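Novice: Residue numbers (my numbering), protein chains in the order written: chain A, 1 to 81; chain B, 82 to 486.
This list has only true hints and no planted wrong ones.
Computed beta-carbon distance windows for the label pairs:
1. Arg202/B to Glu59/A: 22 to 30 Å
2. Ala166/B to Pro55/A: 51 to 59 Å
3. Asp119/B to Ser51/A: 29 to 37 Å
4. Lys173/B to Glu6/A: 40 to 48 Å
5. Glu7/A to Val208/B: 25 to 33 Å
6. Thr14/A to Leu117/B: 29 to 37 Å
7. Lys79/A to Ala166/B: 56 to 64 Å
8. Glu255/B to Glu6/A: 49 to 57 Å
9. Arg202/B to Phe32/A: 17 to 25 Å
10. Glu30/A to Pro270/B: 36 to 44 Å
11. Glu47/A to Glu255/B: 43 to 51 Å
12. Glu47/A to Thr345/B: 38 to 46 Å
Since the hints were derived computationally from the structure, they do not count as laboratory data.
If you're wondering where the values come from, they're calculated on a predicted model, not measured in any experiment.
The beta-carbon is built from N, C-alpha and C at its ideal position, and this holds for glycine as well.
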Amino acid sequence: MSHYLEELKQLISTELNIPTSTLDAHQSLENFGIDSLTLAELLFKIEEHFSIIFPNFQEDDLSSLSKLAHIIEQTVMKKAA
Amino acid sequence: MKQRIAITGIGLVSPHGGDVNAVFDALVRGESAIRLWDDPDISPAVAAHVDFDPAPWFTRPQLSGADRVSQFAVAAADRALKDAALPEIADKERCGIYLGSGMGGAATIEAAYEAYFGARRSTPLSVVAFMCNAAASHISMRQQVTGPVMTYSVACASSAIAIGEAARAIALGEIDVAFAGGTEALLQPGVLQCWQAMKILATPDSNDPSHSCKPFSAERSGLVLAEGAAILLMESMEHAEKRGARIYAELVGYGVRSDAYHLTKPHVDGQVRAINAAMRDARLTPAQIGYCNAHGTATRLGDPTEAESIARVWGADLSKLRVGSTKSLHGHLLGAAGGIEAAITVMAVHKRLLPAHLGGRHDPDCALPLIGSQGEEAPHLKAAMSNSFAFGGTNVSLIFQRHKA
Numbered sequence: 001m002s003h004y005l006e007e008l009k010q011l012i013s014t015e016l017n018i019p020t021s022t023l024d025a026h027q028s029l030e031n032f033g034i035d036s037l038t039l040a041e042l043l044f045k046i047e048e049h050f051s052i053i054f055p056n057f058q059e060d061d062l063s064s065l066s067k068l069a070h071i072i073e074q075t076v077m078k079k080a081a
Numbered sequence: 082m083k084q085r086i087a088i089t090g091i092g093l094v095s096p097h098g099g100d101v102n103a104v105f106d107a108l109v110r111g112e113s114a115i116r117l118w119d120d121p122d123i124s125p126a127v128a129a130h131v132d133f134d135p136a137p138w139f140t141r142p143q144l145s146g147a148d149r150v151s152q153f154a155v156a157a158a159d160r161a162l163k164d165a166a167l168p169e170i171a172d173k174e175r176c177g178i179y180l181g182s183g184m185g186g187a188a189t190i191e192a193a194y195e196a197y198f199g200a201r202r203s204t205p206l207s208v209v210a211f212m213c214n215a216a217a218s219h220i221s222m223r224q225q226v227t228g229p230v231m232t233y234s235v236a237c238a239s240s241a242i243a244i245g246e247a248a249r250a251i252a253l254g255e256i257d258v259a260f261a262g263g264t265e266a267l268l269q270p271g272v273l274q275c276w277q278a279m280k281i282l283a284t285p286d287s288n289d290p291s292h293s294c295k296p297f298s299a300e301r302s303g304l305v306l307a308e309g310a311a312i313l314l315m316e317s318m319e320h321a322e323k324r325g326a327r328i329y330a331e332l333v334g335y336g337v338r339s340d341a342y343h344l345t346k347p348h349v350d351g352q353v354r355a356i357n358a359a360m361r362d363a364r365l366t367p368a369q370i371g372y373c374n375a376h377g378t379a380t381r382l383g384d385p386t387e388a389e390s391i392a393r394v395w396g397a398d399l400s401k402l403r404v405g406s407t408k409s410l411h412g413h414l415l416g417a418a419g420g421i422e423a424a425i426t427v428m429a430v431h432k433r434l435l436p437a438h439l440g441g442r443h444d445p446d447c448a449l450p451l452i453g454s455q456g457e458e459a460p461h462l463k464a465a466m467s468n469s470f471a472f473g474g475t476n477v478s479l480i481f482q483r484h485k486a
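All chains, full assembly: derive it from the sequences and hints.
Specialist: Structural data, given as structure tokens:
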């Protein structure tokens, strides 16, 4: 498991008060029962945390935590390059 | 039939703390909560901060998008409900929220500008956190209040107006219960600088910074900014008596009148109009009102104007009145000032005890029968008035009377 996924889980756990043990890599971000505004705020905090700006999301980018972790990793790499 | 208004609960988040009895006792003892503002980046200043932990009311995720001003309001509303010993509001559609705030979410506004001029990006929850009505909305969601949820932004008269308008809604029979008062949390460095630029803030007293606000004194140098929230739980007398509630006092008079004169300079005529309107509403004469919690901000122009207004209304009966400005102890809560001062006036009527007034050498241009630096007993007190006069020229007077005097 990438450290990005671990860090992402940790961040979501802190921000949404959800224990990391209950966070599943296949889980969709939209399944936490949060509204669109809270989701926007969470994505903002993820950007702040990793010092990145997300590219425009595609249809299923938020469909699992592992996909989002992958996007974070790619964005960080692109920025470093 | 016009309903009478009972004050049955008080909820505070104040520079003196959150327990209404402890706060009132501290005010009677003349204890000031004004302190030096500890920030090397700004000119010397004093302020009255609130020591506040939102944890009992907000989880970490809930804190996103809830500015300090809304956190104060939610806590104060909860405390008011508990103080009123009202376990549940039976008909939530017949309950309203009437809140005053001068600025809304100042910390969020300041952070948004800082982000804009820095990284040029702002958090998605900025707008909903700083809008002026956010605090009232947060209370409504917490308490599931589905009647009118209103916010009044009338500078320093905001929460006095909120209380008066809540009383009208109850009197007209539109609602039975109201949370009414105000909240303000603008002690941010950028906001402070704007206030300093107006040259109306108090100079810190070099001997005792806690004694920097000196209303009606020849040594006064300006107002002291403060923060906090104060919410009254108001009920129709019928609703309160039916459930056997403890009734602190009745709200019997509300007067709101304007100067139509100047944005910041007060005017005796407008203030007298408001005080007289409240007296007529209360069907009381000046001689029957024993205590006035003055607006008394300790500005150069404001104090003598209010002193003249009070003297004009009371006339020969002025010597029967006791006057004090508790802003000398808790500072100026701006949009929440009318709320906390109404709460203090209610407690004064209830306990027949008057809070102290920290002044100093008396200004002959402010010839008022002032309370001293220790509170006083008022065994015959029947009714009391609280004044709130706003930038913009809106003046409000509220009159509270002992229940079954």
